[in-house]
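Visitor: Spelled out, the chains give:
There are 2 protein chains.
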Amino acid sequence: MKLQDVGEFGLIELLRAKLQPVDQSVVVGIGDDAAVLSYDAAMNVLLTTDMLVEGIHFREDTIDFQSLGWKSMAASISDIAAMGGIPKHAVISLAIPPSYEILKLEQLYEGIAEIGRLHHTCIIGGDITKTNGPLVISVTLTGQTEQGQALLRSGAQVGDLVFVTNCIGGSAAGLACLQSDRRTLLTPDQQIKLLHFHQRPQPQVQAGRILAGSGFCSSCNDISDGLASELHEIASASGVSIRIEESRLPIDSSVRNFARIDGSDPVNWALYGGEDYQLTGTINPLGYASVLTEFQLHGLEMSIVGRVVQGTGVLLERLSGETIPLAASGYNHFTT
Amino acid sequence: MKLQDVGEFGLIELLRAKLQPVDQSVVVGIGDDAAVLSYDAAMNVLLTTDMLVEGIHFREDTIDFQSLGWKSMAASISDIAAMGGIPKHAVISLAIPPSYEILKLEQLYEGIAEIGRLHHTCIIGGDITKTNGPLVISVTLTGQTEQGQALLRSGAQVGDLVFVTNCIGGSAAGLACLQSDRRTLLTPDQQIKLLHFHQRPQPQVQAGRILAGSGFCSSCNDISDGLASELHEIASASGVSIRIEESRLPIDSSVRNFARIDGSDPVNWALYGGEDYQLTGTINPLGYASVLTEFQLHGLEMSIVGRVVQGTGVLLERLSGETIPLAASGYNHFTT
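Chains A and B, in that order, give the protein sequences. Start counting the first sequence at 37; every next residue gets the next number (the working numbering). Start counting the second sequence at 37; every next residue gets the next number (the working numbering).
Just to be clear, a hint being listed does not mean it is correct.
Identical copies go unnamed one by one, so any copy, or any two together, can satisfy a pair.
Claimed, not checked - Okay, derived cross-link-like pairs now, DSS-like style, lysine-lysine, Cα gap no bigger than 30 angstroms in a straight line:
| id | residue 1 | residue 2 |
| --- | --- | --- |
| 1 | Lys54 | Lys38 |
| 2 | Lys140 | Lys229 |
| 3 | Lys38 | Lys229 |
| 4 | Lys140 | Lys38 |
| 5 | Lys140 | Lys54 |
| 6 | Lys166 | Lys140 |
| 7 | Lys166 | Lys38 |
| 8 | Lys54 | Lys229 |
Read the hints as simulated data drawn from the structure, not as lab findings.
Based on the provided sequences and hints, a complete structural model is requested.
Guide: The structure is reproduced here in structure tokens:
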């Protein structure tokens, strides 16, 4: 049996079965954005890790190394944000081809340091080795949440509202813009805005903190693999169905504009593009108004895109009024 | 400038310069076996990470995948042991060629789980991705020590004794045995003993705990790159010189025996072989007897191999009585 036969998630299940049960210090283990660990009475420690491979996750023709450093850290910070946590300390390992240009690695670290400063996140160690293959970047990040406040995937309740922070689909639009000759039809400002969505995503740490502190947020994921995939994870972990409306998806006008120029579907970018690093989840209707007010006080946006209902899976109400099942497949490394 | 021009340690310095200063939550950052983090008043959190690349760190013809899993975790557990800590929670990421045999990865995880059970260390997450290059394994492990008790590299004092736990040189002997036709001159039991030194190293968590609890251990490293390299790190970090005697190096009789058969130098294996995952460090002479007693109560061995003196660098007194400077070079990925 080869890896390509079972896929990424199939392999995770196979390997997970090999491991021993965890002890009581593990509040949440494998299967959420980050693990939740109980090290002392007041605060939980969060732990998340991501691996990026050149040629698979990034290519030099669509991202510069400083942005790559930013984005590598952003993905991990976003996992902590999705738990409602504060990012704290990172270790970064690199496997590097011997003939690699050092300047690129220095630029990578400039981007890592740039977003680290913004989020008060320290790089405190790592490992460097050579490889005969492509550049591999591994980022592991700790975080903290108040005891019992971590936002999980599994708490969505029938009747809860489904939210999305700020806008989605921008990262896919930025990538399409980079790869399309039609980008010259945009002004430089419009191009830069789309590029930033793709290359400099903003992890939503403050939104996660507000949601966790409210006591009304019943589930949360960050949008790394696309909204459809994230909502499927929440529905499955919570044992509920989620129903969203196409008309309510928060898609920036710059994204809609370029989709029109490019002949692309902005809703497809929003549902399946991924790498937006916004948060999605569910919130008790009783808490919605107060959370929205606090979001607005901090210059954050939140859209209600649907509702939690009984059943399984995720449904999409199209603009036409037709309701269809929404496939999960955002991005699965081994089967797409 | 290429990576091969500056080497692993040169690159680390270049990249480190890009990072912001750490905040007061970081007790020890880059530059020891593990980082030390202050998350609450009683206990410090330790964090260490290692990356292994197929063809660089391991090859299928010298290690089976279950042993590889064991050894990958052993390296990280050993880093926590070298800080005097208790290993706690691990995240493991894999970059996998699509045509890789799943059975190998399952065996890898069996080995990871096996040593994890022994040390009560839970695997709580990870990331899996494909790669067009070799298999890459990244292990990140947390640990805990009592506040202020972490064993650093930087505390060696003139007059302290230099210790080594158990025996060294066994991993290099085991590798040589695997690669030598002369291994058939050993009994099966002798071969298995040497193979175990190489494939199933035993991280010295209990030794580290005794040393940290004693209050007399002034510095500590685990022997991953060879005794010479580890002692150079301690001498440099502490601003002292270390003088060791060849006649005192603890080398198992099975290692000496195979060295004779193989025409190899067992002292070379002990000083430069690495991957023994024993501990070396310095101890105040006032505490030596009590620590030794506690070691013996737990079936552990400790040898005094030398002494801390004024000056810089590491000196070796040969059997002949001649004293020579001991080069640091154990294993540097980019320059050997």
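Visitor: Mind listing which of the numbered hints don't hold for this structure, in increasing order?
Guide: 3
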